[in-house]
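Residue-level listing of the chains:
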Amino acid sequence: MAFFLETLLGGLMSGMLYSLVALGFVLIFKASGVFNFAQGAMVLFAALAMARFSEWIPGWMGMENLFVANLLAFTVAVAIMFVVAWLIERLALRYLVNQEGATLLMATLGIAYVLDGIGQTIFGSDIYKIDVGMPKEPVMMLESVFDGGILINKEDFIAALIAALLVISLSIFFQKTATGRALRAVADDHQAAQSIGIPLDRIWVIVWCVAGITALVAGIIWGSKLGVQFSLSTIALRALPVVILGGLTSVPGAIIGGLIIGVGEKLSEVYLGPYVGGGIEIWFAYMLALVFLLFRPQGLFGEKIIDRV
Amino acid sequence: MKLRKLAVAASLAAIGLSAVLTTPAYAAEEQFFPVLAYRTGAYAPNGTPWANGFVDYLKLTNARGGVNGVKMIWEECETGYATDRGVECYERLKGKHGGATAVQPLSTGITFALTEKAPVDKIPVITAGYGRSESQNGAVFGWNFPLVGTYWMGADVLVQHIGKKEGGLDKLKGKKIALVYHDSPYGKEPIALLQERAKMHGFEVQLLPVAHPGVEQKATWLQVRQSKPDYVFLWGWGVMNSTSIKEAQATGYPRDKMYGVWWSGAEPDVKDVGDGAKGYNALAMQHGAEPNSKVVKEILEKLHAKGQGTGPKEEVGQVLYMRGLISSMLQVEAVRAAQGRFGKGKRITGEQMRWGLENLNLDQKALDGMGLAGVMRPVQTSCLDHMGSAWARVHTWDGKKWNFTSDWYQGDEKVLRPMVMLASAKYAEEKKIKPRTPEDCKK
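Protein chains in written order, with the working numbering: chain D, 1 to 309; chain U, 310 to 752.
Some hints could be false.
Using 30 Å as the maximum straight-line C-alpha spacing, the simulated DSSO-like pairs for lysine-lysine come out as follows [to be verified]:
1. LYS580/U with LYS136/D
2. LYS484/U with LYS136/D
3. LYS709/U with LYS154/D
4. LYS537/U with LYS136/D
5. LYS129/D with LYS566/U
6. LYS368/U with LYS431/U
With the Cβ distance kept under 10 Å, some of the chain U side facing chain D (calculated, not the full set) [claimed, not checked]:
7. PRO354
8. LEU516
9. LEU517
10. ARG534
11. ALA732
Derived from the structure by calculation, the hints contain no laboratory data. Bear in mind the structure is a predicted one, so any value in this text is a computation, not a measurement. We put the beta carbon where it would ideally sit given N, CA and C, even for glycine.
Working from the sequences, and respecting the hints, build out all of it.
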């Protein structure tokens, strides 16, 4: 029982981190109708900026305070993600207003390659460290209830809390602010939104900035866990089943979807894996998402799309 | 119009200039080596230092005057550690500059794909420390050269080492060894040897595959925590290695009970983990980090001091840099051996290179002369033994650097040879290959 609980909790915490990346997809789709294939590349780019500047800044300024160095690096990384968002709008999206969804998807695919390449060219392709003081050693809980207790990874636990906080903040932003409502209006219909005076270019910059910051937070958390290197961009692939399952337009869907995928893949790997040779968690997540799609094509919380002919 | 002509001229000049910068100009007495490398993608942190060491040794050879005056030339192609791109690189480069002398894919997957192409193209495939373990048998695998180490040999040494720690191989009875491996042809290679040794000594092997690229291992390490193996062998590459060590830390598995293969025991695997990797062990494929070796000092002096080195000079002498350097050295020495038979100062063909690789004899004096004293042991290959040396040792990360922590071990021929012969005979039967005889070897 203790082991089952450990696996379950591990899955929930991993799932929360997947939700964080999935949020990036949801934000941009919700606000602009674009399925942003570049989300993984944005996570890598943001994490690289954070890691390298937290390494360079102490050298340039001759200081040793880790907190200040991280704070400055975070500020610079946010600024860089703003510039990236502005450039994406200026150089790519501006010319694709009212185009088919597939066209916008292909554009983001191109953006992903550009960001991957430029990121590694500017910041390097080695493994870099983000040290934000996350605890690495595990803690044991409920030792009086279970023999040997339940192992909790402190780093995952804190990361899950941060992710949860970010998700709540974004939900409030979307539901309760004027800008949030404008973003949703743009997602529904570009032309209609423009006709009532919502400035499309500014809205797109805002949403890509928000997605950039989400990518930065995800990059810092994943980078602190895994080290910052190219594989971070593949984290997006882990979040794809989450958005399929949760629905592309729903922030709560990203959270619930993340938790289901996280728990599903860990339990499947531990309990089914040994019977089929192991290494199944990646494809199992996709299979789980596909099974859900059979019953709810729009995902768990996605909006039903009805086209009238 | 003028502007267009100017643009065309500038483009042509740029193409010409880039060709000059990447490859020395082709001349009659030059020996061409394709460099299949990966400096981008998920495995770049490990592929880059290997490629830097590989190329630096070719440059050093030229700085030393070439091989009897014959200069080394090379061209790099990015494989991204992907088999399809590796094969594409091979096809693109194999005929360039008069033909490739040999190819080193730095990927077991690409090696599997090239194994059937090499005999047709007559280009030796050198896989120093990787590839198919049964390709040690030169009678069947006439064009494969797993020089200095195979995965069966490496796994055998690890079993010997933990047997010694336990007080004898018989003490392994009832123990459990978990193999956490990259779910690819590379990661699966040691399974056969471990299962063979498990039958001999009565220990249990738990197999835990990790999907590419290996960034998600929580479930794997929860299983390790549940089954509590006495030892964990790690057969990873790239980010999978550091992730494994971090997950071991997060689940409280002692790092000093972990043993990586030689591709899981370099600086990129541990430096990001820092103190969390303290006590983690890995095989050293003869060499470890060798910053004080003569060859490294010579490279720093003749190349990096003049701005001609490859990559950052701080990484010269690190583990994977040395692996690339030694891989490069072995091919250069094979060229030298082949020239000894087919004509000194002449360019050799792929077939002649094979002869050179089958007649490598690097004794201690030769190694000392190359600045490799203390770095590796002598290597002697033959037509039937394409490995040439079966020695390895263990090194341990102390939080800052790798230190050797064991004596030398030799892979046990009594275990390895029958496995190699059986597997290669099966391969020969499948592919309808007539094994070479000692008479064939003289040709």
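Taking the hints in turn, this is what the structure says about them:
1. As the CA atoms of LYS580/U and LYS136/D are separated by approximately 15 Å, the hinted pair is consistent with the 30 Å bound.
2. Between LYS484/U and LYS136/D the alpha-carbon distance is near 29 Å, which keeps this suggested pair within the 30 Å criterion.
3. A C-alpha spacing of about 25 Å is found between LYS709/U and LYS154/D, which places the hinted pair at or below 30 Å, so the restraint holds.
4. Under the criterion of a C-alpha separation no larger than 30 Å, the hint pairing LYS537/U with LYS136/D is consistent with the structure, at around 20 Å.
5. For the hint pairing LYS129/D with LYS566/U, the CA-to-CA distance comes to about 25 Å; that is within 30 Å, so the pair holds.
6. Taking the CA atoms of LYS368/U and LYS431/U, the gap is about 25 Å. The hint holds against a cut of 30 Å.
7. Hint status for PRO354/U relative to chain D: holds, with the closest Cβ pair at about 5 Å, below 10 Å.
8. For LEU516/U, the suggested interface contact is upheld, since its CB lies about 7 Å from the closest CB of chain D, less than 10 Å.
9. Interface hint status for LEU517/U: upheld, as the beta-carbon distance to the closest one in chain D is roughly 6 Å, under 10 Å.
10. Hint on ARG534/U holds. Least Cβ distance to chain D is approximately 7 Å, under the 10 Å limit.
11. Annotation: interface hint on ALA732/U violated; nearest CB of chain D at approximately 21 Å, more than 10 Å.
Comparing the model with each numbered hint stated earlier shows that hint 11 is the single one that does not hold.
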